[in-house]
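Asks: Protein chains in written order, with the numbering used here: chain A, 1 to 215; chain B, 1001 to 1263.
Derived by calculation from the structure, the hints in this document are not laboratory data. There's no promise every hint is true.
To be verified - Below 30 Å or equal to it, Euclidean Cα-Cα: the simulated DSSO-like pairs (lysine-lysine) are:
#  : chain 1 : residue 1 : chain 2 : residue 2
1  : B       : Lys1056   : A       : Lys109
2  : A       : Lys208    : A       : Lys189
3  : A       : Lys9      : A       : Lys208
4  : B       : Lys1181   : A       : Lys87
5  : A       : Lys87     : A       : Lys109
6  : A       : Lys70     : A       : Lys9
7  : A       : Lys70     : A       : Lys109
8  : B       : Lys1248   : A       : Lys109
9  : A       : Lys27     : A       : Lys120
10 : A       : Lys70     : B       : Lys1181
11 : A       : Lys120    : A       : Lys80
12 : B       : Lys1181   : A       : Lys9
13 : A       : Lys109    : A       : Lys120
14 : B       : Lys1248   : A       : Lys80
15 : A       : Lys87     : A       : Lys111
16 : B       : Lys1248   : A       : Lys87
17 : A       : Lys109    : A       : Lys208
18 : A       : Lys9      : A       : Lys87
19 : A       : Lys27     : A       : Lys80
20 : A       : Lys189    : A       : Lys27
21 : A       : Lys138    : A       : Lys9
22 : A       : Lys138    : A       : Lys109
23 : A       : Lys70     : A       : Lys120
24 : B       : Lys1181   : A       : Lys138
On a predicted model such as this, the values are computed, not experimentally measured, just so you know.
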Amino acid sequence: MGTALLAFKDLTRPLDDEGRRLVVSGKIEPGEVLFVRGPSGAGKSTLLKILGRILTASGGEAWLRGCSWKDIPAPQWRLKVQYVSQKPVVFDGTVEDNLLMPFRFRLLKHKPSPPREQIKEYLEELQLPATLLDQPAKTLSGGETARMALIRSLLLEPEVLLLDEPTASLDENNRQHLNTLLQYWVVEKPRGIVMVSHNEQDLQAFPKRNSLFIG
Amino acid sequence: MDGYIPISNGQLLLTVILVFITGLISALLKLGLLRPLLWGTVRAFIQLTLIGYVLKYVFQWNTLWVIVPLLLLMSFIAAREATRRITRIPYNPGLNTFLSLTASTFVVGIIVVVLIIGPEPWYSAQVMIPIFGMLFGNSMNAVALSLDRMYSEIHANIEEVEQLLSLGATPWEAVVGYIRKAVSAGMMPTINSLMVVGLVSLPGMMTGQILAGMNPQSAVRYQFVVLVMVASCVAIGCLMIVLLSYRKMFDQDGSLVDDLRRN
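Kindly produce the complete structure, drawing on both the sequences and the hints.
Replies: Below, the structure written as structure tokens:
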């Protein structure tokens, strides 16, 4: 599959009981942001979930750096190709508990938890106070939750982020900070982002971008 | 066993009075229960008479070649009864239920019969069949409760499970919280019954033994053994059914099955 970071071919999944189907192919190069566009109900979120292997496709195949998803167990794939839901789920405990929760799972147990400094850096870049760490996560506002969920995923050091309207609950200022962070993140190492967004400014924020129209 | 008073045919016939009272209430209030009441009464009488004969011969033969198939048949019927009550599960849980019931009942039943009661011979049908019967009856309800609870918990928390999966959890790690709830839901009624027994309820077995003339202090010992054996049997059965079944909530790729997403 050449040098593509993430490639997918003929991913198929029924969208409803009337026989409408999602069939889609595409790829992202290292450092690139792919914007998924199309009318609502066209299957944009479904595509992200399929790429993140939260939903199973009825057909088609995807490759990460040329390696087929058939050869990578789903839990490992999910860490590398991180799906961040439009409505992230927050669990009981503090914000810090939530951020470090994945490091209790078997797959990540052997890895050291990310240092507090790194977490604080992310918080700062997304305009969140460090005091938030000790707050019960379920008391966060919608915008705070969205940013916390993004940090939770970034700490897993994925190669590809699948972002479903990451800026929808943010004001103008916070939106810019988030896009700046992602801009830097995607080229810091050759990584990739697949994003669903209805905001034209999100699109403009990334010089190396591509669009995929579905529906 | 000198206090045992047999019920003669004539005395048995007098139960008609009781059936008549029940029927009268049904008729007066137009409950529409008259036919099922009569049919149920006839069936109960015939079924019990037949099982009386069956048990008489099984006790006489008293061989494992008859006892074990009979126990397996009981397990099969209990499994069918348990799964009949669970309609929402997106697959047929019959086999898993049968395995859970059989394994939990045999493990606990053997311990109780061989180690604790110790009849001669060790497989005495007169001890084995009533003990196993009580285990099946209780385990059946508990296993059905656990399985139903596991499914409804996961169904109600799809987004949570998917969030955990995307953060790198294995299927087990993603649902273990709900599995805990399911197992304790199955065990709860049994644990509760340990609290109130003797205060609120006199269990059927103890009552039966007392009516049969057994010294109440001996009957109480039996009842205690039965209560703790039911609790451990229920615990094993509930654990087994969720361990055998939770993977069915996921496809081979480790994503939740689509059936869970339908309403």
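Asks: Provide an ascending list of the numbers of those earlier hints which the structure does not satisfy.
Replies: As far as the earlier hints go, 1, 9, 10, 12, 17, 21, 23 are violated by this structure, in ascending order.
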